[in-house]
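Student: Numbering-wise, the sequence shown is residues 1 to 247 according to my numbering.
I should point out that these hints are in silico values taken from the structure, not numbers from a laboratory.
Hints are not guaranteed to be accurate.
As the list claims (entries may be wrong) - Derived Cβ-Cβ restraints for the label pairs, each shown as a range:
#1 Thr163 to Asn191: 16 to 24 Å
#2 Ala208 to Thr230: 22 to 30 Å
#3 Leu26 to Phe92: 15 to 23 Å
#4 Lys156 to Ser212: 27 to 35 Å
#5 Asn85 to Ser3: 51 to 59 Å
#6 Lys149 to Ser34: 44 to 52 Å
#7 Arg101 to Lys237: 12 to 20 Å
#8 Asn85 to Leu26: 22 to 30 Å
#9 Thr150 to Ile53: 51 to 59 Å
#10 Asn214 to Lys8: 50 to 58 Å
Said to hold, decoys possible - Below, in silico cross-link-like pairs of lysine-lysine (DSSO-like), each with a Cα-Cα straight-line distance of 27 Å or less:
#11 Lys146 to Lys158
#12 Lys98 to Lys177
#13 Lys177 to Lys146
#14 Lys141 to Lys231
#15 Lys211 to Lys98
#16 Lys211 to Lys149
#17 Lys156 to Lys102
#18 Lys52 to Lys98
#19 Lys141 to Lys177
#20 Lys231 to Lys102
#21 Lys146 to Lys110
#22 Lys52 to Lys177
Keep in mind that this is a model prediction, so the values were computed, not measured.
We put the CB at the ideal spot given by N, CA and C, even for glycine.
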Amino acid sequence: MDSPSYIKSLNQAQLRAVTHDPSIPLQILAGPGSGKTRVLTSRVAYLVDHHKISPSRICAVTFTNKAANEMRHRLRPLIGENATNSLVMGTFHAICSKYLRKNATKISLKHNFSICDSDERSAPLLSLAHRHLFDQGLRSKRVVSKIFKTKAKDLKAKSIEFTDSSVVSCISNAKAKTLSPSDLSVEAEQNDDDAKRIISEIYEEYEATLKSNNSLDFDDLLVYGVQLFTKCPDILKSCEHILVDEL
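Work the whole structure out from these sequences, hints included.
Tutor: Set out below in structure tokens:
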């Protein structure tokens, strides 16, 4: 049988990656402009065409919506509209959001949670594909700014200078390390760090505000996503193949 056109267009290194045994994990190291997206989309097409794997059992994860949309655009002529739409494809945040919506109660969340945008200035700049993720009423920076103002006297008394933006960044970094407000507070006490102590207080109030509004912020999508997949690994049984772009 004649090879499909997307296979013929690959160089030898790309061909080895695309046709690699699907039962064996594969990591590809390649520089910019070397055809990583082409390899990934061709790999997906090859799994569907050659190995007859259902598109719904393939998960393709990217870092940006632009990359995800580009992959969809390239895959449609290769495997068709229906097969492309059946793939589990998107950014880490979008895919975590999808699974959290379906399985929220497994980790004590409500399935109808809203998503708090990270910066009030960013909403008008969001792509249409991304905009549906956000609740337009609640913004992380606005919430933190409001709490931040209540701490102004303490900050001035202790001669501590930082901005609400830097506090948002500190909270985001804490969540990336899976540190709760109490974890941050313990660190502050251990190091006698007044600035971190105040940030932990703001962080605690911020989390309480999100909870009272049934909201998650962008970092929470990953934090709770990891919690969900760790507690309920069977949820991912439907993903027979997971392909990650630029990990």
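Student: Does Lys177 sit within 27 Å of Lys98, going by the straight-line distance between their CA atoms?
Tutor: 22 Å, holds
Student: Please test the hint of 22 to 30 Å on the beta carbon pair from Asn85 and Leu26.
Tutor: Holds - the Cβ-Cβ distance for Asn85 and Leu26, about 25 Å, lies within 22 to 30 Å.
Student: Between Lys141 and Lys231, is the straight-line Cα distance small enough, at 27 Å or below?
Tutor: Roughly 31 Å separates the two Cα atoms, so the pair is violated.
Student: For the pair supplied as a hint, Lys156 and Lys102, confirm whether the alpha-carbon distance does not exceed 27 Å.
Tutor: 46 Å, violated
Student: Can you let me know if the beta-carbon spacing of Asn85 and Ser3 is within 51 to 59 Å?
Tutor: Given a distance of about 25 Å, which is not inside 51 to 59 Å, the answer is violated.
Student: Kindly confirm whether 44 to 52 Å is satisfied by the beta carbon distance between Lys149 and Ser34.
Tutor: 49 Å, holds
Student: Assuming the hint says 12 to 20 Å, is it satisfied by the Cβ distance from Arg101 to Lys237 or not?
Tutor: 18 Å, holds
Student: Please test the hint of 22 to 30 Å on the beta carbon pair from Ala208 and Thr230.
Tutor: 24 Å, holds
Student: Between the alpha carbons of Lys146 and Lys110, is the straight-line distance 27 Å or under?
Tutor: 25 Å, holds
Student: Below or equal to 27 Å on CA atoms is what counts here, so check Lys52 against Lys98.
Tutor: Roughly 25 Å between the alpha carbons, so the hint for Lys52 and Lys98 holds.
Student: Checking one constraint from the list: CA of Lys231 to CA of Lys102, max 27 Å. Satisfied?
Tutor: 15 Å, holds
Student: Take the C-beta atom of Thr150 and the C-beta atom of Ile53, compute their distance, and say whether it sits inside 51 to 59 Å.
Tutor: 54 Å, holds
Violated hints, in rising order: 5, 14, 17, 22; the structure is consistent with all others.
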